[in-house]
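Trainee: For the protein sequence lines, the chains are A and B, in the order given.
Take the first sequence: its position 146, counted from the start at 1, is 146 in my numbering, and no numbers get skipped.
Take the second sequence: its position 168, counted from the start at 1, is 168 in my numbering, and no numbers get skipped.
Misleading hints may appear alongside valid ones.
Listed next, with one range per pair, are the computed distances between beta-carbon atoms [stated by the list, open to error]:
| id | chain 1 | residue 1 | chain 2 | residue 2 | range |
| --- | --- | --- | --- | --- | --- |
| 1 | A | I410 | B | Q200 | 17 to 27 Å |
| 2 | B | V189 | A | V469 | 21 to 31 Å |
| 3 | A | A461 | B | V189 | 30 to 40 Å |
| 4 | A | W411 | B | Y76 | 47 to 57 Å |
| 5 | B | P279 | A | G198 | 50 to 60 Å |
| 6 | A | T440 | B | P390 | 26 to 36 Å |
| 7 | B | Q200 | A | V469 | 18 to 28 Å |
Derived BS3-like pairs (lysine-lysine); straight-line CA-CA distance at most 25 Å [claimed, not checked]:
| id | chain 1 | residue 1 | chain 2 | residue 2 |
| --- | --- | --- | --- | --- |
| 8 | B | K444 | A | K437 |
| 9 | A | K437 | B | K165 |
| 10 | A | K370 | B | K24 |
| 11 | B | K111 | B | K27 |
| 12 | B | K157 | B | K444 |
Simulated from the structure, these hints should not be mistaken for laboratory data.
Backbone N, C-alpha and C define an ideal beta-carbon position, used for all residues, glycine too.
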Amino acid sequence: MDMIIPTVNMTPILPEILLSVLAMALLLINVFNPGGQKSYLAYISFAGIVVTAVLVGAGWGSHIESFSGSVVLDNFAIFFKMTFLVAAGLAVLISDSYMEREGCNHGELYPLILFTVVGMMLMASGTDLMTIFLGLEVMSVSLYVLAGFNRANKKSNEAGLKYFMLGAFSTGFMLYGMALIYGATGTTRLYKIATVVGQMTLPSANILLVAGMLLMMTGFAFKIAAAPFHMWTPDVYEGAPTPMTAFMSAGPKAAGFAALLRIFLVALPTLQVEWSQVLWVLAALTMTVGNITALRQDNIKRVLAYSSIAHAGYALVGFTAGNGTGTAGILFYMLSYAFMNIGAFAIVILVSKKGETNGNVSDFAGLGFKRPLLALVMTLFLFSLAGVPPAAGFIGKFYLFSGAIQKGYIWLAVIGVLNSAASVYYYLRIMVYMYFKESTEDFDWVQVTAPVALALIIAAAGTLIPGIVPSILLQYAQMAVKLM
Amino acid sequence: MSNVLSLTTFLPILGVLLLLFIPKDSKGVLRNVTLAVTVVTFLVSLIMLAGFQTNAEFQFVENVPWIAAGPFMMRYNIGIDGISLWLVILTTFIMPIAVLSTFTAVEEKVKEYMVCLLLLETGMLGAFISLDLFLFYIFWEVMLIPMYFMIGIWGGKNKIYAAVKFFIYTMVGSLLMLVALIFLYFKGVEAGFQDFGLLQFFNLKLDMATQIWLFLAFAFAFAIKVPMFPLHTWLPDAHTEAPTAGSVILAAVLLKMGTYGYVRFAIPLFPEAAHKFAPLIATLAVIGIIYAALVAMVQEDVKKLVAYSSVAHLGFVMLGVFAFNTEGITGGMLQMLNHGISTGALFLIVGFIYERRHTRLITDFGGLSKQMPIFATIFMIVTFSSVGLPGTNGFVGEFLILIGAFESQLRWFTVVATSGVILSAVYMLWVFQRVMFGELDNPKNQKLLDLNGREIAIMVPLVVMIFVMGLYPKPFIDKMDPAIKKLVAQARIAPVTAQMIPAMNQMQMPVGHQGTGQMPEANQGEMPAGQPGQTPPAVNSHDAK
Numbered sequence: 001m002d003m004i005i006p007t008v009n010m011t012p013i014l015p016e017i018l019l020s021v022l023a024m025a026l027l028l029i030n031v032f033n034p035g036g037q038k039s040y041l042a043y044i045s046f047a048g049i050v051v052t053a054v055l056v057g058a059g060w061g062s063h064i065e066s067f068s069g070s071v072v073l074d075n076f077a078i079f080f081k082m083t084f085l086v087a088a089g090l091a092v093l094i095s096d097s098y099m100e101r102e103g104c105n106h107g108e109l110y111p112l113i114l115f116t117v118v119g120m121m122l123m124a125s126g127t128d129l130m131t132i133f134l135g136l137e138v139m140s141v142s143l144y145v146l147a148g149f150n151r152a153n154k155k156s157n158e159a160g161l162k163y164f165m166l167g168a169f170s171t172g173f174m175l176y177g178m179a180l181i182y183g184a185t186g187t188t189r190l191y192k193i194a195t196v197v198g199q200m201t202l203p204s205a206n207i208l209l210v211a212g213m214l215l216m217m218t219g220f221a222f223k224i225a226a227a228p229f230h231m232w233t234p235d236v237y238e239g240a241p242t243p244m245t246a247f248m249s250a251g252p253k254a255a256g257f258a259a260l261l262r263i264f265l266v267a268l269p270t271l272q273v274e275w276s277q278v279l280w281v282l283a284a285l286t287m288t289v290g291n292i293t294a295l296r297q298d299n300i301k302r303v304l305a306y307s308s309i310a311h312a313g314y315a316l317v318g319f320t321a322g323n324g325t326g327t328a329g330i331l332f333y334m335l336s337y338a339f340m341n342i343g344a345f346a347i348v349i350l351v352s353k354k355g356e357t358n359g360n361v362s363d364f365a366g367l368g369f370k371r372p373l374l375a376l377v378m379t380l381f382l383f384s385l386a387g388v389p390p391a392a393g394f395i396g397k398f399y400l401f402s403g404a405i406q407k408g409y410i411w412l413a414v415i416g417v418l419n420s421a422a423s424v425y426y427y428l429r430i431m432v433y434m435y436f437k438e439s440t441e442d443f444d445w446v447q448v449t450a451p452v453a454l455a456l457i458i459a460a461a462g463t464l465i466p467g468i469v470p471s472i473l474l475q476y477a478q479m480a481v482k483l484m
Numbered sequence: 001m002s003n004v005l006s007l008t009t010f011l012p013i014l015g016v017l018l019l020l021f022i023p024k025d026s027k028g029v030l031r032n033v034t035l036a037v038t039v040v041t042f043l044v045s046l047i048m049l050a051g052f053q054t055n056a057e058f059q060f061v062e063n064v065p066w067i068a069a070g071p072f073m074m075r076y077n078i079g080i081d082g083i084s085l086w087l088v089i090l091t092t093f094i095m096p097i098a099v100l101s102t103f104t105a106v107e108e109k110v111k112e113y114m115v116c117l118l119l120l121e122t123g124m125l126g127a128f129i130s131l132d133l134f135l136f137y138i139f140w141e142v143m144l145i146p147m148y149f150m151i152g153i154w155g156g157k158n159k160i161y162a163a164v165k166f167f168i169y170t171m172v173g174s175l176l177m178l179v180a181l182i183f184l185y186f187k188g189v190e191a192g193f194q195d196f197g198l199l200q201f202f203n204l205k206l207d208m209a210t211q212i213w214l215f216l217a218f219a220f221a222f223a224i225k226v227p228m229f230p231l232h233t234w235l236p237d238a239h240t241e242a243p244t245a246g247s248v249i250l251a252a253v254l255l256k257m258g259t260y261g262y263v264r265f266a267i268p269l270f271p272e273a274a275h276k277f278a279p280l281i282a283t284l285a286v287i288g289i290i291y292a293a294l295v296a297m298v299q300e301d302v303k304k305l306v307a308y309s310s311v312a313h314l315g316f317v318m319l320g321v322f323a324f325n326t327e328g329i330t331g332g333m334l335q336m337l338n339h340g341i342s343t344g345a346l347f348l349i350v351g352f353i354y355e356r357r358h359t360r361l362i363t364d365f366g367g368l369s370k371q372m373p374i375f376a377t378i379f380m381i382v383t384f385s386s387v388g389l390p391g392t393n394g395f396v397g398e399f400l401i402l403i404g405a406f407e408s409q410l411r412w413f414t415v416v417a418t419s420g421v422i423l424s425a426v427y428m429l430w431v432f433q434r435v436m437f438g439e440l441d442n443p444k445n446q447k448l449l450d451l452n453g454r455e456i457a458i459m460v461p462l463v464v465m466i467f468v469m470g471l472y473p474k475p476f477i478d479k480m481d482p483a484i485k486k487l488v489a490q491a492r493i494a495p496v497t498a499q500m501i502p503a504m505n506q507m508q509m510p511v512g513h514q515g516t517g518q519m520p521e522a523n524q525g526e527m528p529a530g531q532p533g534q535t536p537p538a539v540n541s542h543d544a545k
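Take these sequences, add in the hints, and give me the full structure.
Mentor: Printed below as a string of structure tokens:
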């Protein structure tokens, strides 16, 4: 038997290699320097993320396939990689002081974040079901550990375990689905699947193919926390260390969408009529369940967790449309969401006290006039999350819903905006406490360290500027979608 | 001075930047700087008034690309015609008065309050001048934020409930409008439009079913803002809880957003649907007039009474606008301005006595005219204006509305609505009597001071405007007339093909025919589009001059 060893072009996975090497080096450094300050690991990680971001950005416009077409470097992958790097960078910046306060500042945190990013990047640039799965597992395994990172905290343990159990369960679905698709088409390469499915006379009658598609969708629905597969989300988000919650709500969700978009738009466009029907229901359900349950939460991490479900629902609206407007909307929204949601979590971290106490909505009472700048930034994030102009969240939602309207899904858009209106209530509630209620606290424990300040500035700029002058970012998102 | 419109709109934002550099403890400086900024804004807006050409065109137009991505093209496209001109002037005119009224009323968080006021001014002005649907939506939403904080931070006992209710009510409506707006845009793209520019959409031919859905979405958003019965419930709460300046702005300008929305967007964009729904809207308007008047009559709180009187007055405006004739819409427009002045003044008056006595209950007062003669005089003038006594501005507006509506398909609605005029006289004069006349028996009232210089300075411009607009409304009507005629034409000749419009504009008819020939349109909404037989009467009556 002849083995053909293809010439491997390493360029597309250069950022992944760089980050992996950095992560392993950091692990070693951490081993040889036990105890003591770990802040320098955060700084090195952040620097590594910035360098990687530059490297990723430099590849814009190229289209390089490698590893016999199982990995591709295109604008789509680059846009998502940037989103992951933004999420990871912000998460690293807000982690240090938090971990210090909670007394679990172990050096492994930063390498794990970097490994997660590597996994997510592979998911975004994978054009083979196996590559995507590989990326997904690298990401997931690191995330299980990150969720349970605070070993001393029972809730964190619960989060890690729960995430692991349900994550493994969902992976099973996904792998089964991939196997069925392989069975139906004889290949795992996305472009080849598209060709094979395109040649089928009636692909929607092919049970293997449809079942495989639905199982894969279920698996991804777990990962992006779409209802009714969202049950793990609130507990995991509440229990995990807050910076990791922030990271999980932005990064892996974006990665899930990256893989979903790539698989469904590249490999299964012939079945779009079928999968968009399923997505319609998923989107409507996810938005509604997320928002209605968020209305009744008191713990702010749970509010943001449920709202994060709702936000996955908004993105699914764009996915249901499946057209240029909607998918570009998803890219734009995921990036904006990373800025605004991690920004909001950063404020939550600042306001909460050791042991994650002081994390109720009512604990924000009086922040508006005791710490006006922090409250102002939080207000910006919250309005953006609620989709009120002029913030990036509004433009993102505008594009997502426009995609649906353009495609004729008017009622889905109506459900979406009504959900948006409902979500306003719980975001306003936080503002009500910040500004309208008198406080007994003086918030003297709130220490804004330099990294956190930097994170807040980046997040605020990333929320406000694309809201006022969104053209450039939107154009990039559209270029990313077009060349896929 | 080509950017004078942008300058007017964004001067308050510059003021906000200025305020940021002033320490929050120097309250006097903060107040005076804000006052100066609003006065300068008013003066700049007067330049526009002076330079405004009396024709139907949009003027001071600025049009530059803003967002260009994918299927969308949003432009910074602004301009004013005779309709928006007066609302812009009303806004810039009311703002210094509102600011001046806060000098002693607001002692806490002065800096934040002033920032909110200035942001609100930019938001309101922006909504009035936008000629790009998307830009309009942005300003429309942005406006909510400062008002929300004004009610929530500086409001009364129930401020949180009122603020959240205000925000969510408006948000629900405007989000549905957003869906309609996007849908309309894609309809425009099919017709070859390149951007969200409002004016081109007036020529867009939409089938009846589409028009109905889109009209409903727009009308719902505007009806909440007006507010029309039964969507008015947020208003008494918001008004009662808001601080005085907030109530003044809310009444004087924010509510006009709703009626302006009908005049600028809902009617000319979807004329046939507007005709179809005119009876429904007129019904709601008339119910609003009567119901709000009756509710106002039994209020114990003066501020709530004024709030309900707002609902009644705006019912009149809606009735006039949906008469679809020159008299009705002119009356509606004038009444929008009048309501801004007289209800703004009433809220200021309530504010004055509240600041002195910290109560607004009617039963706590009585006989104040003996103690506060200047106050009594001003209150009386404003009451007369609100009631619509001849010689004051309120009369001109209401009279034109009733004439216009009577001559339109809304004749029987008008008959009922007229009783609302009487009811308004009843509740306004009754409250005036109970507060100002009778025995000055409450010892707390016996020490009340009359209005001071600042308070008189606040009221004088309003009182002057009440008489100017009441005795000589011609300059106001003249400036808005061409725009209104154009609107009437848009609302009326929509079923006709586009080529006929220039031909009609050339026809000249004597003025005497104005206001006749309204009746045939009663069934126009149901008529299939494109029947030329309908148009001649329209031309006769409305292209006069």
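Trainee: With reference to the structure, classify each hint as holding or not holding.
Mentor: These are the hints, each one checked on the structure:
| no. | hint | verdict |
| --- | --- | --- |
| 1 | I410(A) to Q200(B): 17 to 27 Å | holds (22 Å) |
| 2 | V189(B) to V469(A): 21 to 31 Å | holds (23 Å) |
| 3 | A461(A) to V189(B): 30 to 40 Å | holds (32 Å) |
| 4 | W411(A) to Y76(B): 47 to 57 Å | violated (32 Å) |
| 5 | P279(B) to G198(A): 50 to 60 Å | holds (55 Å) |
| 6 | T440(A) to P390(B): 26 to 36 Å | violated (58 Å) |
| 7 | Q200(B) to V469(A): 18 to 28 Å | holds (24 Å) |
| 8 | K444(B) to K437(A) | violated (32 Å) |
| 9 | K437(A) to K165(B) | holds (17 Å) |
| 10 | K370(A) to K24(B) | holds (13 Å) |
| 11 | K111(B) to K27(B) | holds (7 Å) |
| 12 | K157(B) to K444(B) | holds (23 Å) |
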